[in-house]
Amino acid sequence: MTFKPKNGTLQKQLAATFSLINTGASRPFHQTACVHISPKLKPEKRRMAEEKGVKLLDLWSSPFGQRCRIALAEKEVEYEYNEENLSDKSELLLKSNPIYKKIPVLIHDGKPVCESLIIVQYIDEVWPSKTPILPSDPYARAQARFWADYVDKKVYECGTRLWKLKGGEALQEAKEEFILILKTLEAELGDKKYFGGETFGLVDIALVPFTSWFYSYETYAGFSIEQECSKLVSWAKRCKERASVAKTLYEPKKIHEFVGHLRKKYGVE
Amino acid sequence: MKAVKQKPSSVSPMEKENSSSSSLKLFGSWASSYTHRIQLALKLKNLTFDYIEEDLSHKSPALLLHNPIYQKVPVLVADGRPIPESLLILHFLDEYFPHNPRQLLPKSPHDRAAARFWAHFTDDRLGPAVAAVFASSGDAQVAAVDRFRSELRLVEAELTDGVFAGSRFFSGDQIGFLDIVLGCGSYWLAVFEEVAEVKLVDAVEFPRFHAWLRDFEEQDEVKAIIPSFNELLGYARGLRKILLGGGGGEADNDGGAVAGVEAGDMGNLQK
Numbered sequence: 001m002t003f004k005p006k007n008g009t010l011q012k013q014l015a016a017t018f019s020l021i022n023t024g025a026s027r028p029f030h031q032t033a034c035v036h037i038s039p040k041l042k043p044e045k046r047r048m049a050e051e052k053g054v055k056l057l058d059l060w061s062s063p064f065g066q067r068c069r070i071a072l073a074e075k076e077v078e079y080e081y082n083e084e085n086l087s088d089k090s091e092l093l094l095k096s097n098p099i100y101k102k103i104p105v106l107i108h109d110g111k112p113v114c115e116s117l118i119i120v121q122y123i124d125e126v127w128p129s130k131t132p133i134l135p136s137d138p139y140a141r142a143q144a145r146f147w148a149d150y151v152d153k154k155v156y157e158c159g160t161r162l163w164k165l166k167g168g169e170a171l172q173e174a175k176e177e178f179i180l181i182l183k184t185l186e187a188e189l190g191d192k193k194y195f196g197g198e199t200f201g202l203v204d205i206a207l208v209p210f211t212s213w214f215y216s217y218e219t220y221a222g223f224s225i226e227q228e229c230s231k232l233v234s235w236a237k238r239c240k241e242r243a244s245v246a247k248t249l250y251e252p253k254k255i256h257e258f259v260g261h262l263r264k265k266y267g268v269e
Numbered sequence: 001m002k003a004v005k006q007k008p009s010s011v012s013p014m015e016k017e018n019s020s021s022s023s024l025k026l027f028g029s030w031a032s033s034y035t036h037r038i039q040l041a042l043k044l045k046n047l048t049f050d051y052i053e054e055d056l057s058h059k060s061p062a063l064l065l066h067n068p069i070y071q072k073v074p075v076l077v078a079d080g081r082p083i084p085e086s087l088l089i090l091h092f093l094d095e096y097f098p099h100n101p102r103q104l105l106p107k108s109p110h111d112r113a114a115a116r117f118w119a120h121f122t123d124d125r126l127g128p129a130v131a132a133v134f135a136s137s138g139d140a141q142v143a144a145v146d147r148f149r150s151e152l153r154l155v156e157a158e159l160t161d162g163v164f165a166g167s168r169f170f171s172g173d174q175i176g177f178l179d180i181v182l183g184c185g186s187y188w189l190a191v192f193e194e195v196a197e198v199k200l201v202d203a204v205e206f207p208r209f210h211a212w213l214r215d216f217e218e219q220d221e222v223k224a225i226i227p228s229f230n231e232l233l234g235y236a237r238g239l240r241k242i243l244l245g246g247g248g249g250e251a252d253n254d255g256g257a258v259a260g261v262e263a264g265d266m267g268n269l270q271k
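Chains A and B supply the protein sequences, listed in that same order.
If you're matching positions, the first sequence starts at 1 in my numbering and goes up one per residue.
If you're matching positions, the second sequence starts at 1 in my numbering and goes up one per residue.
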């Protein structure tokens, strides 16, 4: 993660926290790992430190949170990462996103921004000079937003059914629907390097976090995404060559372990 | 209006935007609040366009060609290129005509994010809550009304002491993106109140929302776009009969404005 803490004590605390996240070491999912501003800071500076800068309230495995992390990494923005415990949400999260009470939330100079695609566009607008996430042409921008929104409307909901349904006809239908969604995206990608052409952008950022979940989708629904959509799989590999994606995404086996926990939690197995 | 100094031989930006050098075609449906959003935006921006009324039970090949994924209205075709989805079209109009004095979205990134968030909330939470009231009766409707009111309370709170506090409209002194998004649809509330025989927007409980809606509906451009109360009423009565009475053959349920009200849209006619 791109983060440069401001003092030595803080650095130590954060190193301990981030080493867990970065290595994907297993930890109880109920454990909160909030990053604190050092109590040694004077009250006024402490307040400013709390208000200034960029903070991301997130969950390590969330593909929506990963969108924001990738965007921040593309822009080389320093930020503070707060891992949320979703069964015991922090006051800051509840205060910053009272409407949905969900992660991710970006807090920039004390002001919250919610909803991952809104956050990504915000990041692009606040730091425009580095690596544009949206193209400059209005029609191309509309297309990018359309396909990012398509990913939002379709991929998560259908993908969730693939691991949440026990089996039978409903699972079969979900699988067919999911394949169709991927094929539609693949048709849009065509022979381009990325969805936006030569430049990695909004649609790539919207979709790539879900690729870590492909292994779980395939395993539980019984199909091969490589067989159905080989161009999309190649696209995913190209995305993972980017540093921002490589350091944000988890290995599919790690996500699969997480999905296993979710299935137990929801009584699927 | 910004005065533009130009050499006599060149075309001023305003002329260019309003002339046939930019051709705009809007596919829509007369009772669709999503279509109204775009019609209102085009009016505010003083842009000329061709309008194609779609029969939602028999969609034209052109519509299906321009919006193959969702097959819905509205679709804007700008210089031959289609843009579906009302929120995307609103963004596009600002960006395609950057010199147009009526920019709908706010300038600062944070204000833009807030406007986008509440637009998302409108389509994701508020709209479906209203649709649920309209599509239900008895105890289910009572529960749906409660749910709608709790959603509207969030909007009221935001108008009272949130990011929009102190402004006449969400966009300031003039209506803009969020006013258009929330406003084009909110006029259905009074219609649904009459047809479904419920109270949705109490002026005492929602003073700011009530005042905002009244001011929105009094704008000349809004009056020019939104169908009359009686037209909407007639439409809604027919819709309610079908939703509660059930029945109708495949033609009724397969697209068409009638089947449009699912839990997903406020006065939706996007099918």
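Keep in mind that the hints were calculated from the coordinates and are not lab data.
One thing to keep in mind: the hints can contain errors.
[What the hints assert, rightly or not] Incomplete in silico selection of chain A near chain B, CB under 7 Å:
| hint | residue |
| --- | --- |
| 1 | Ile99 |
| 2 | Lys101 |
| 3 | Ile118 |
| 4 | Trp127 |
| 5 | Pro138 |
| 6 | Tyr139 |
| 7 | Ala142 |
| 8 | Arg145 |
| 9 | Tyr156 |
| 10 | Glu157 |
| 11 | Cys158 |
| 12 | Glu228 |
| 13 | Leu232 |
None of the values given here were measured: they were computed from a predicted structure.
Don't be surprised by glycine CBs; every beta carbon is placed ideally from N, CA and C.
Report holds or violated for the interface hint on Pro138 (chain A), using the least CB-CB distance to chain B and a cut-off of 7 Å. Holds. Min distance 4 Å.
Given hint Lys101 (chain A) near chain B, where the shortest CB pair must fall under 7 Å: 12 Å, violated
Against chain B, with CB atoms and a cut of 7 Å, does the hint on Glu228 (chain A) hold up? 19 Å, violated
Closest C-beta approach of Arg145 (chain A) to chain B relative to 7 Å, hint status: This interface hint holds because 5 Å falls under the 7 Å limit.
Could you check if Leu232 (chain A) really has its C-beta closer than 7 Å to a C-beta on chain B? This interface hint is violated because 17 Å lies over the 7 Å limit.
Hold the hint about Glu157 (chain A) up to the distance rule: shortest CB distance to chain B must be less than 7 Å. Since the shortest Cβ distance to chain B is 13 Å, the answer is violated.
Checking hints one by one. Is Tyr139 (chain A) an interface residue toward chain B, by the C-beta closer than 7 Å rule? Since the shortest Cβ distance to chain B is 5 Å, the answer is holds.
Grab the minimum C-beta distance from Ile99 (chain A) to chain B and call the hint holds if it beats 7 Å, violated otherwise. With a minimum Cβ separation of about 6 Å from chain B (threshold 7 Å), the hint on Ile99 (chain A) holds.
With a cut-off of 7 Å on the beta carbons, see whether Cys158 (chain A) makes it to chain B. 15 Å, violated
Restraint check, 7 Å cut-off on beta carbons, for Trp127 (chain A) near chain B: 10 Å, violated
Holds or violated: is the Cβ of Tyr156 (chain A) closer than 7 Å to a Cβ in chain B? 14 Å, violated
Does the CB of Ala142 (chain A) sit less than 7 Å away from some CB of chain B? Status holds, d = 5 Å.
In the structure shown, a violation is registered for the earlier hints numbered 2, 4, 9, 10, 11, 12, 13, in ascending order.
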